[in-house]
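A.B. asks: Take a look at the letters that make up each chain.
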Amino acid sequence: MKPTKFILLTIIMTALLGLGIFVLNGEPPEDEWAKKEDGSPPPSEAVQPEKPDWVVNPDDYWGKVVLPAENRLKICMGPKLMSLDPMHITAGWEFPFSDVLSDGLVHRGHDNPAVAEPGVAEKWTSSNDLKTWTFYLRKDAYWFRRTKEGLVQIVRQMTAYDFANSWQRCLDPEATCEYRPMFSDVQIAGARDYEQALASGNKKTIQAAFQYVVTHGFEALDEYTFVVHLQNPSPLMPAQLSFPVFRPVYLPVAMKKDPKTKKETENDAWTRPENAVWSGEYFLAEWTDAHLVLVKNDLHYWWETHEGPDVIEALTPEKYEAIQDDFEQGNIDVVGISCRPQGAMVLANRDKKDIMTFLESRLNYVVVNHNKVTDQRVRQALALSIDRKTLVENVMRVPDKPSGNVVPDGMGYLGVQGYIYDLDGAKSLMALAGYGPQKPFTLTLNHRQRDTEVAIATYLQQAWGVIGVDVKLNVLEARQHSKNLHAAEFEVSVAAWGADYLDPMTYWVLARTGNAYNYGRWSDPMFDDLTWQGFTNRSDIDRVTAYQKAETILRDAAVLIPLAHATAILLYKPYVEGLRPNVLDDHPLRHLRIKRP
Amino acid sequence: MKTIISRFISNLLTLATIVTLTFVLVRQAPGGPFDNEKPLPPDIKLKLEAQFCLDRPLFNQYVNCFLPNLMKGKLGPSYSHRARMVEDIIAEGLPLTMQLGALVLTISMMLGLTAGIIAAIFHNRRTDHTVMAGATIGITLPEFVIGPALILVFVMWFKIFPRQGWDSALAMVLPVSTMAFYYLAVIARLTRGGMLEVLSEEYILAARARGLPRWKVIVKHALRGGLRPTITYFGPATAGIFAGGSIVVEKMFNLSGIGSLFIGAAQNSDYTLIMGTTIVYSVILVSLNTLVDVGYVILDPRLRRKA
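Which chain is which? The protein sequence lines are A and B, in order. Residue numbering for the first sequence follows our numbering, beginning at 1 and increasing consecutively. Residue numbering for the second sequence follows our numbering, beginning at 1001 and increasing consecutively.
Hints should not be assumed to be uniformly reliable.
[Stated by the list, open to error] Sample of chain A residues facing chain B (criterion: CB under 10 Å; computed from the structure):
id, residue
1, Lys80
2, Pro173
3, Ile206
4, Gln480
If you're looking for bench data, these hints aren't it; they were derived computationally from the structure. Cβ coordinates follow ideal geometry from the N, Cα and C atoms, glycine included.
Whenever a hint applies, use it, and build me the whole structure from the sequences.
C.D. replies: Shown next, in the form of structure tokens:
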């Protein structure tokens, strides 16, 4: 073949290939903004009510408001889901999906997350000492499978044995159940000793402790009665049993036999849509990296008395700009359930009716390594020299709440006076410690590359420089930063923390001796005793009193320097019902509805 | 035949080197796949590391865990999406990356060749200067400047195209344009240069003197020689487009191709997914280079005789 012909043929073939790909992807979806020649919108996509009761003035809303034609809700999915197995869920953005795929004994209260609502357990009782809780299961809770044709089949009834076996699966010494310590947090009998045994590494001790917790911590009395025994009364019961780790799985698909060892091992692929057996209000119909589709399970008992979307579609716009763009153009109905909108945008549009902001539990703070910054006066000076209001409003530029306290409002606890901005006091403390502008104290501050943390670190460098602290910034990749924190290889580090439950203990763990989250390795037996007293006390007054004493010790030690509590942001279309502000930023998908006029 | 076999063996050696180096280097990066923001209980972290062979010495991991699975065509579960196998994740993302690459190649070839030929024909006139100015801009401006500028104008201001996605022809325009700009510019410059060189040859003058129409002179006589630099560039361009060239664009427009997967895997220290995407890119690169070399042999009789 002559070269010229070859060249021309190549060009023509490439052009045809490209054209083919272009054409085969079909016509673009009908443009929502496109209007017919007479000015009216195309009828198939946009359904505008004749007398909308919630769209009075479009200027009141930041995003475009177009009522969906179908009973289909679109939400933002956030970062990619790592797992939907209740045993392996760790990230906050996975919780909403797991919540409606796997049913639990109880659900968090819709209006008050501290209160439990019935789930598979239709009622429960507790002993007088609050150490024994008996859950009575409903008889119409089932395991379901969805066929390729989309039909829902009942596999069998859910029983108390499912709960007992699933909890045992999580506690198994060979299992990699990341939230296993939650059993200890809830005070299930033997769980604390089991964690200590696992930390020791002694196999005999581990086996003994495991056997104890699975025989004394919980039991299925019969098919419909599940009993939980506690070591001590717990303020977390029973609402915390809504946490993913306590939800059961259908073991015949969740476990598989290893052909070589013949032992039962985890079947990681069981949550795939084609394999899964679920118990929740929705089914997983599709799951790719960027897209997740939940389809209503009409046979679930929830739908006897409630309504909700037939389909919930979750999309992963990874960048903040894309999230906001999609919401603004009307492509997403809710943003914020599983992903976080950009704070700066919200500040500019705070008066709009489709933006809801409320205080949540996430704490931005600085952790001081107790063994590297040993002088308490220096630590206190660091805490007092931060103008948190300026930091949040002018530096971070987010709608967060500046705070000198570790525990946010809404946790059922009234804290002591926290850190204030006292520059003179800080300078005096530094002078007492022998430091000042002439003799600076040198410090390395670790932080991640995230915009917020860079802003915080830059501000702190400047603020601490004023009191005679020479700060060197050490920016680290996220995982390296985590590794350094966990190994206490830092002097001072920017960090963040989110609550797992509605009790201040979820924050005290950041400072309790030997706790993995106590990155600064601080230890004070009195603090440990007081926080434990509070956590295991049945009296609210005594609990608060003990906590306040503990918080005073923590404040004086200045090993945790709180900066701000985050403000959760929800972008939601006015036709979406069921969202409630709460400090855990928990928005169960089962409660969402599309309200039609 | 001997050439083909030796080329195949050298390709295999290249792939083996890339894979091995990646395997070693990725495990040297600070921070592991289980160093999450909230620390795992130490015993669970140890079990996870054992499950994925990370508790063994590097050589042991490579020989006893990685290679046996690779020979079976399995890359293992993704560390950060444990319900999914790496090959399934890649199979999901590869078609999009290939589509994107094919469209970019098509557009940049078509438009670049056309622009370069026109610039050469109208050498030193306004048309030439305009085309070359555009080409300079296309070469100079990186994708992460062009992309956001296009988004600002065509998505935010004029609302013509969607911000992201790949589910319609409209959605493809901006990502393809962003990526094609550079290659289009390079091809235009190369084509112009090659054509100018050929158009000044004596045989072209002779053809014109014989009274041949201008288009015939260009197409039949000048094009073959004039496109030689462009054809030389075709290979590296193809390799650049298909073997990692789409990473920035995929991330910018939130496209679920293997470029996005690669970035996500790197951020999550997802070793198995990093290995999977690296292997895919390497195979594409090596295969395309081989195809291009074969193409050169077909085109150039001198190389054919040598071979």
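A.B. asks: Evaluate each hint against the coordinates.
C.D. replies: Verification of the supplied hints:
1. Look at A/Lys80: its Cβ gets to within about 7 Å of chain B, closer than 10 Å, so that hint holds up.
2. Of the supplied interface hints, the one on A/Pro173 holds, with its beta-carbon coming within about 8 Å of a beta-carbon of chain B, less than 10 Å.
3. Nearest Cβ of chain B to the Cβ of A/Ile206: about 9 Å, under the 10 Å cut. The hint holds.
4. Hint status for A/Gln480 relative to chain B: holds, with the closest Cβ pair at about 4 Å, below 10 Å.
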